[in-house]
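There are 2 protein chains.
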Amino acid sequence: MTPRDSDTLARGVPDLESRLHETHHETLRLWLRLLTCTLLIESNVRTRLRGQFKTTLPRFDLMAQLERNPRGLRMGELSRRLMVTGGNITGITDQLVAEGLVERQPIPEDRRAYAVCLTSKGKRQFDLMAQAHEQWIEEMLGALPAVERRRLHGLLGRLKSGLNERKSEPPPRSARKRVVERRLPREKHA
Amino acid sequence: MTPRDSDTLARGVPDLESRLHETHHETLRLWLRLLTCTLLIESNVRTRLRGQFKTTLPRFDLMAQLERNPRGLRMGELSRRLMVTGGNITGITDQLVAEGLVERQPIPEDRRAYAVCLTSKGKRQFDLMAQAHEQWIEEMLGALPAVERRRLHGLLGRLKSGLNERKSEPPPRSARKRVVERRLPREKHA
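First to last, the protein sequences are chains B and L. Okay, so the first sequence: first residue is 140 according to our numbering, each after it adds one. Okay, so the second sequence: first residue is 140 according to our numbering, each after it adds one.
Don't read these hints as lab results, they were simulated from the structure. Treat the hints loosely; a few may be bogus.
A pair holds if it fits inside one copy or across any two, identical chains being indistinguishable in the list.
Pairs of lysine to aspartate or glutamate, DMTMM-like flavour, derived with a Cα cap of 20 Å [claimed, not checked]:
1. Lys306 / Glu278
2. Lys262 / Glu165
3. Lys193 / Glu216
4. Lys306 / Glu277
5. Lys193 / Glu273
Computed from a prediction, not measured in an experiment: that's the story for all the values here.
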C-alpha cells in the first residue's frame, strides 16, 4: 500500500490529522495518526467504562496494575507503570480505599513505606470490568486482520525500544561536563 | 520478526504493558503497546513545550488547528478536530484570547455563532513552537528506519478507517426500533 492509499482510507472524519499541510514531514504525519488512533480507542473505552461500570479510565488502569501484582505495589512503582505523575495516583488511591476496593499495607522491611493492594471486593469488581474491556478492545482492533495486527505489534515494539533507548542515553555533553566538574564533598575528604 | 522478538526488544522499562498476563489476547497486547508508545512521545512533548515555551499540549494543539484554518473555526468544529469535549476548549480559548494569541470573530451568515482565529501575534508564536515540535517528533520517530515508518503509517491508517467505520455503523437493532416507534409531533399533525 502506498502512503496515498492509506491517506485516502483514513480520511473522512476531521480529527487531529486535519491540521497537516502538504509540506509537513512524514514523521509528523505518523505521530498525528498514532495519536488519533489512540484517542479514538481511548474515548470509546472511557465512554463504556462510565456507562457500564460508573468508573474512569485512570481508576481502571490503576486496578489493572494491582491485579497483576497481588503482593502490592509501592506508590513509586505504581506511578512508573501507569506512566503518570504521583499526584493523581494518590488521589485515585484514596478514593478506591474509601470505596473498599483497594487497601494500603505496611511493608515489613521498610517502616516508612506501604504497598497498595486490591481487596477481594476490588478483585471481583476488576475481573468483571477486565472481561468487558478485553471484549471492547477485541471488537475495535478486530477491524484489522490478524496478520496486520501482528505486524503492527512488532513495529510498535521497535518504536518503543527506540524511545526507551533515547531516554536512557547519557545526557548531552554540556550536562555531563557539569557532573564531572562537580566534586562530591565525600571525595574531597577521602 | 516473531511476536516474541518484539516483546524482548520492547521490554526493560515497567510501563502499561507490565500488566499483561500470559493468557491475555494479542489485541489487548497491541492496544497497551499503542497506548504506551503514544504516552512516551506525548510526555516528552509536554515536558519540552513547558520547558521551552511555557505552554501546554492542549494550547499547542488548539493553535495548530487554527493555523491550518486561517478563516477561523467554530467551537464545534474545533472540538471535533481536537477530539475532546467542549468544556476544555472554551477555557483554553478564553486564556488564549486574554493573552492576545487568539480572537473571536463574528460570522456574517450566522449571528449567534463566532469563529476563533489566530491573531498575528499568535501566528508568530505558533510558528516558533511548530518548528521546534516537528524537530522533537523527528528525533523521536527517527529511531525507526523510513521504510518501517511508512509501513506503520499505512497500518495505522487501516486501523483508523476500521475504527471510524465502526463509529458510523447504524445503531444496534433495539435502538433503531425505538427511533421508528417514536413519532415526531410534526408528523402527527401533518
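Each hint, compared with the structure:
no.: 1; hint: Lys306 / Glu278; in the structure: between (34 Å within a copy, 12 Å between copies)
no.: 2; hint: Lys262 / Glu165; in the structure: neither (44 Å within a copy, 23 Å between copies)
no.: 3; hint: Lys193 / Glu216; in the structure: neither (26 Å within a copy, 29 Å between copies)
no.: 4; hint: Lys306 / Glu277; in the structure: between (31 Å within a copy, 15 Å between copies)
no.: 5; hint: Lys193 / Glu273; in the structure: within (17 Å within a copy, 39 Å between copies)
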